[in-house]
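A.B. asks: Sequence:
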Amino acid sequence: MHHHWTRRQCITRVGAAAAAVHTLDQLDFCCVMAAESKTAKDELFELKPVADGIYAAVKQAAAAGASLEEMQKKLADDLAPKYEQGMSKYPLGRYRDRVGLNIEMVYKKVVQKS
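In case it helps, numbering that gives the first Met the number 0 puts the sequence shown at residues 0 to 113.
Source of the hints: derived by calculation from the structure; they are not laboratory data.
Don't take every hint at face value.
Stated by the list, open to error - With a straight-line Cα cutoff of 25 angstroms, these simulated SDA-like cross-link-like pairs (lysine to any residue) come out:
{"#": "1", "residue 1": "K81", "residue 2": "G64"}
{"#": "2", "residue 1": "K81", "residue 2": "A65"}
{"#": "3", "residue 1": "K47", "residue 2": "R95"}
{"#": "4", "residue 1": "K47", "residue 2": "G85"}
{"#": "5", "residue 1": "K81", "residue 2": "K108"}
{"#": "6", "residue 1": "K72", "residue 2": "G99"}
{"#": "7", "residue 1": "K107", "residue 2": "A62"}
{"#": "8", "residue 1": "K58", "residue 2": "K81"}
{"#": "9", "residue 1": "K112", "residue 2": "G85"}
{"#": "10", "residue 1": "K108", "residue 2": "L26"}
{"#": "11", "residue 1": "K73", "residue 2": "L26"}
{"#": "12", "residue 1": "K107", "residue 2": "D27"}
{"#": "13", "residue 1": "K107", "residue 2": "R97"}
{"#": "14", "residue 1": "K73", "residue 2": "E103"}
As the list claims (entries may be wrong) - Beta-carbon label-pair distances, calculated as ranges:
{"#": "15", "residue 1": "D27", "residue 2": "D76", "range": "34 to 44 angstroms"}
{"#": "16", "residue 1": "K58", "residue 2": "D24", "range": "29 to 39 angstroms"}
{"#": "17", "residue 1": "L100", "residue 2": "T22", "range": "16 to 26 angstroms"}
{"#": "18", "residue 1": "D27", "residue 2": "G64", "range": "40 to 50 angstroms"}
{"#": "19", "residue 1": "D27", "residue 2": "A63", "range": "39 to 49 angstroms"}
{"#": "20", "residue 1": "E103", "residue 2": "D27", "range": "29 to 39 angstroms"}
{"#": "21", "residue 1": "D27", "residue 2": "E69", "range": "23 to 33 angstroms"}
{"#": "22", "residue 1": "A63", "residue 2": "L26", "range": "29 to 39 angstroms"}
{"#": "23", "residue 1": "A62", "residue 2": "D27", "range": "34 to 44 angstroms"}
{"#": "24", "residue 1": "G64", "residue 2": "D24", "range": "13 to 23 angstroms"}
{"#": "25", "residue 1": "Q111", "residue 2": "K73", "range": "12 to 22 angstroms"}
{"#": "26", "residue 1": "K112", "residue 2": "K72", "range": "20 to 30 angstroms"}
Ideal placement from N, C-alpha and C gives every residue a C-beta, glycine not left out.
Sequences are here, hints too, so could you generate the full structure?
C.D. replies: So, in structure tokens, the structure goes:
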């Protein structure tokens, strides 16, 4: 079975990407064929800490009573020193362009779901 994920899909859908990366980690494959290039399995897993970081930050902020709008501003700034440089090296899916949407997706999946 072939699984096709692009780096951009994972970045822009980090709400699903965290679960997907954990699932992909269980599969035996060597690379992902992205639209622009072939991506090695280890490069794909560069996204795992970012996804895990956003999940943890959203859960913590929700427990503290923060609204989605507050999270989008504060968490974007809080997480930037850790993830912005690495996630902005690609022309598509730069950190600041996507992090607000990523936070919203995680919020909907984790906070609104419960």
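A.B. asks: Compare the structure with each hint and give your call.
C.D. replies: Quick rundown of the hints versus the structure:
1. K81 - G64: Distance ~24 angstroms between K81 and G64 Cα, so the pair holds.
2. K81 - A65: Judged against 25 angstroms, a Cα distance of about 21 angstroms means the pair holds.
3. K47 - R95: Holds - the C-alpha atoms of R95 and K47 are around 18 angstroms apart, at most 25 angstroms.
4. K47 - G85: Roughly 13 angstroms separates the two Cα atoms, so the pair holds.
5. K81 - K108: holds (23 angstroms)
6. K72 - G99: Given that 25 angstroms is the threshold and the Cα spacing comes to 8 angstroms, the pair holds.
7. K107 - A62: holds (14 angstroms)
8. K58 - K81: holds (18 angstroms)
9. K112 - G85: Violated, at about 30 angstroms.
10. K108 - L26: This hinted pair holds, its Cα atoms lying about 24 angstroms apart.
11. K73 - L26: With a Cα-Cα distance of about 35 angstroms, the restraint between K73 and L26 is violated, given a limit of 25 angstroms.
12. K107 - D27: Judged against 25 angstroms, a Cα distance of about 31 angstroms means the pair is violated.
13. K107 - R97: Holds - the C-alpha atoms of R97 and K107 are around 16 angstroms apart, at most 25 angstroms.
14. K73 - E103: holds (13 angstroms)
15. D27 - D76: 34 to 44 angstroms: About 39 angstroms separates the Cβ atoms of D27 and D76, which means 34 to 44 angstroms holds.
16. K58 - D24: 29 to 39 angstroms: violated (21 angstroms)
17. L100 - T22: 16 to 26 angstroms: holds (22 angstroms)
18. D27 - G64: 40 to 50 angstroms: Given range 40 to 50 angstroms: holds, Cβ gap about 43 angstroms.
19. D27 - A63: 39 to 49 angstroms: holds (40 angstroms)
20. E103 - D27: 29 to 39 angstroms: holds (33 angstroms)
21. D27 - E69: 23 to 33 angstroms: Distance hint for D27, E69 is violated at roughly 42 angstroms.
22. A63 - L26: 29 to 39 angstroms: holds (36 angstroms)
23. A62 - D27: 34 to 44 angstroms: holds (37 angstroms)
24. G64 - D24: 13 to 23 angstroms: violated (33 angstroms)
25. Q111 - K73: 12 to 22 angstroms: For Q111 and K73 the Cβ distance comes to about 18 angstroms; the hint holds.
26. K112 - K72: 20 to 30 angstroms: holds (22 angstroms)
Going down the numbered hints, you'll see the structure goes against 9, 11, 12, 16, 21 and 24, while the others check out.
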